[in-house]
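K.L.:
Given next are the chains, with one letter for each unit.
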Amino acid sequence: MSDADHTDTTAQTGSRDRAWSRRRLLGTAGAALTMSVGLAGCLGSGGSDPFETDEPQGEPIDGEGVTWDDLGDLEGELTVYSGRTRDQIDPLFAKLEEFYPDFSIARDYDSNEAQLNSLVEEGESTPADLFYTQSSGALAALKSEGLARTLPTDVQDAVPENKRDPDGEWTGASGRVRAVQFNSDTWSRSELPTDIFAYATDERFAGEVSTRPNSGTFRSFIVAMLELEGEERTREWVRRLLEDQDVTLYSSGTQQAEAVANGEVSVGLGNQYYAARIIGNQPDAPLDVTFTQNDPGSLFNVSGVAVLSGAEKPNLAAEFVRHVLAVEGQQFFVDTNGEYPVVDGVAYDGPLPSLEALEPPSFDLNELGDLEPAIDLLREEGMTV
Amino acid sequence: MQRLPDRLTETRQWFGERRETLSPFYLAALLLGGLVAVLVVAPLFWLVLRAGTVEPTRAIELVTSRRTVMIGARSIALVLGTTVASVLLGVPLAVLTTRTDLPAQRLFSVVIALPLVIPSYIGAFAFVSAFGRHGEVGSLLGLNLPQIDGFAGAVLVITLYTYPYVFLGTRAALRSMDASLVEAARSLDAGPIQAFRRVTLPQIRPAISAGALLVALYALSDFGTPAFMGVSVFTSAIYMESEAFNVGYAALLSLQLLTLAGVILLIESRTGRASGQTARRRGSPIELGWLRYPAMGLVGLLGAVTILLPVGLFLSWMVRGTGGAVPSLAFQPQHALNSIGFSLAAALVASVMALPVAYLGVSGRSRLGRLLERGTYVGFAVPGVVIGLALVFLGSSTAPWLYRTAPLLVFAYVVRFLPQAVGTTRSALEGFDDQVAEAARTLNAGPWRTFREVVLPEIAPGVLAGAALVFLTTMKELPATLMLQPIGRDTLATMIWAAHGSLYYRYAAVPALVLIVVSGVSMLVLLAQDESGI
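Residue numbers (our numbering), protein chains in the order written: chain X, 232 to 616; chain B, 23 to 556.
Pulled out of the complex, with its shape left as it was, chain X reads as follows:
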């Protein structure tokens, strides 16, 4: 079933029961409004949870690699607030809908931050069952607002503790690492330092380095730097980048990666997948990535999921999470997004160096939920756009 077909079906089934009251509400407003009523479309999930408990509906999930065939069948409609972009996650949703004809996902896309703010404002009355985000910081913040439910124990046990919430209120679904994007006409990989601090002090990078301070992963990176290196060193790093290196600040990851590819600035501290996508579109673009070693510059972060405390279908949501952690789900992230699996039983066979070879720093991802010290520091030093 194509994506287009899917959207149309949910629109029809979702709106029918409420169309009448809306029509009455809008009353005499005429053709234009009638049109908008017709277009109003799917309103949250409707229906009730097909499952009675959040225990495994089929086999439990584990860290060894369980397949979709082993798990319980998904059915009904699940509402997901996604901070991940369509291209990164919609194919997985579509794949599951194809696998289970009686299952559909109402997707709501916005940025991580906007989704989290909405969830906080909505509280228990959220129409969403699940929050799917690309930053564990957003998940940790969700947890600290008391908006997440504890996941079933089999789900918790399937993921190593450094890739999920130790209290089991959220779990990582796939992993990514912060990277150094560089223009390969200007630099060769061997010339580039493997120490994040060198990018702030090495004179070769004056006027050449850029970053994107409004991104979630950048903020996570600063939180990690504060935690691992202390406030003084972090402040020094930020200040040096601003004052000595005249760092270029972008407000979009796209803009930044393109600027690196164009040679506008030859080094970009950011996410590796922006570079990957530009190369995907223009294979001859002079753009490449490298990684720092064992410092916050190569912070390992997870995208992940939490079942919301206000969910109408928490049990269906839990079974959905099992599917994400199963072999097909994990392999999807490797193949489609160039990400790392979080379940040990699924081997990584992508184009990047393995996590062991990368040497990201070890770090408790829940620390990423408290952004305030990092934001205060960036505000004080003026690294904002």
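Treat the hints with care, since some could be wrong.
Said to hold, decoys possible - If you want the footprint, here are the derived chain B segments under chain X, 3+ residues with CB under 8 Å:
1) 218-227
2) 248-262
3) 265-273
4) 510-524
To be verified - One-sided excerpt, in silico: chain B residues whose CB lies under 8 Å from chain X:
5) THR281
6) LEU337
7) LEU411
8) LEU504
9) MET505
Unchecked claim - If you want the ones that stay clear, here's a sample from chain X, every Cβ over 12 Å from chain B, calculated:
10) ALA345
11) GLY368
12) GLU489
13) ASP595
Keep in mind the hints are simulated off the structure, nothing from the lab.
Using N, Cα and C, we set each Cβ at its ideal position, and we do this for glycine too.
We have chain X; now place chain B onto it with these hints.
P.N.:
Frame of chain X; chain B shown alone:
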């Protein structure tokens, strides 16, 4: 204690000085207009609620910090720069297309007004990619063009995409004013500039200031352009705080921004209003002579820079880009239908709600009425993310049955864009001759019947113009749409956002072009309406 006569005068000033303004009709308008004003201002109480969650010492520290003061100063400078530049661009262009013998005036009017249909974030993006340090125009021409960014870049781009507010209003005012007065002045040996200053300007000043008000409030609320140009203003600070999950700080900054908006509204209300002016006689046009060619060239250049540049960019995206297919980003006609449906609904609701509000603004010189009218403008000054979050909270907590349905989304648009309808409806009412209505009344037509059969047909062009403005700004709106859209009901704007944000540019091209074409059609409606008013 005040003496009774004083208090009576004061009461009259609040409710209107003239006796007839205390008529049942006026009171009904006051009630309706008051209801509308309360409705559209209500979401802003959320700001107070959230700002109140910030610890007082922290709040004071934040509000008075050097950074906040700098941001405030920069926001004021941005608003001033954009507004002045828009007036300097919009007014001469309006004169050029109404008062001179410039050929193909309709075509040029369309070209001049069209930038309003292009979202300024798209304009900003086009400018940066075209004129950046390694921009496409520079590399194409082999030139090192001056880079457009920073504060000057933000002023330039916001001006280029909002000056039509000034142009459209001024143009309509010029068309409806009595040009024979100008001729009389000229026959008394006044030079063209003096005649313009002493005769024309006083008559079109309210229209200019109404347009300038929209430009100023838009500049204050725009997030995309300053962010793209790397300028920290209130909106970028608000976004930064809300993205860092500091919604309380964001609310606090929004309240500061609102204070600024209040000052702008106050200044605008002091610029004076013209008396009703209904005689529509056209004078003989100013002959341009050889000046017509540079004039045409200038308008052509403006069109090329503001319209062809982004459109060309989208077309180039469409042909380039070889990466894999992403079905979830593919254009579907449903996206366009969603956009059009929401925008039509917002236009309709805003026009209806604007009627009593605009009436209050013009009739009876009542302070309360004026205050209510001004009050409806604040939503236009507040960034969409703030209105969005306010309605997320209010909607989900007080009316869950409305939450994430089309009506609540449409309401969000009305909160944001109502002033555009109020402004044009108000201008139309100002141009309406009271005596006609009074004549109808003396013929024993009731106030409602008079309104329906005499007033409404007369002001219809203004009402429709307001509806068209609301329509085309709703087409472009992004943050509130993302937060409040019925789940899965994507619009052209949200699809552009999705494609652009994930670097799949070619998928942004089709929805962007469709958005421009559909909005362009509504712009034609707007201008045609204006023509028929002659």
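K.L.:
Now tell me, hint by hint, if it's right for this structure.
P.N.:
Taking the hints in turn, this is what the structure says about them:
1. Given as covered by chain X, the stretch 218-227 of chain B fails the check, having 0 residues with a CB less than 8 Å from a CB of that chain where 3 are the minimum.
2. Proximity of the stretch 248-262 of chain B to chain X, defined as three or more residues with a beta carbon under 8 Å from a beta carbon of that chain, is established by the 8 residues found.
3. Counting residues of the stretch 265-273 of chain B whose beta-carbon sits less than 8 Å from any beta-carbon of chain X gives 5, enough to reach three: the coverage restraint holds.
4. With 7 residues carrying a beta carbon less than 8 Å from a beta carbon of chain X, the stretch 510-524 of chain B meets the three-residue requirement, and the given coverage holds.
5. Interface hint status for B:THR281: violated, as the beta-carbon distance to the closest one in chain X is roughly 21 Å, over 8 Å.
6. Given hint, B:LEU337 at the interface with chain X, is violated; its Cβ is 17 Å from that chain's nearest Cβ, farther than 8 Å.
7. Taken as an interface hint, B:LEU411 checks out: its beta carbon lies about 6 Å from the nearest beta carbon of chain X, inside 8 Å.
8. Given hint, B:LEU504 at the interface with chain X, holds; its Cβ is 5 Å from that chain's nearest Cβ, closer than 8 Å.
9. Hint on B:MET505 holds. Least Cβ distance to chain X is approximately 6 Å, under the 8 Å limit.
10. Distance check for X:ALA345 against chain B: the nearest CB is about 6 Å away, which does not clear 12 Å, and the non-interface claim fails.
11. For X:GLY368, the shortest C-beta to C-beta distance to chain B comes to about 9 Å, within the 12 Å cut-off, and the non-interface label is violated.
12. For X:GLU489, the shortest C-beta to C-beta distance to chain B comes to about 8 Å, within the 12 Å cut-off, and the non-interface label is violated.
13. At roughly 19 Å from the closest C-beta of chain B, the C-beta of X:ASP595 stays outside 12 Å, upholding its exclusion from the interface.
Of the numbered hints given earlier, the model fails hints 1, 5, 6, 10, 11 and 12; all others are met.
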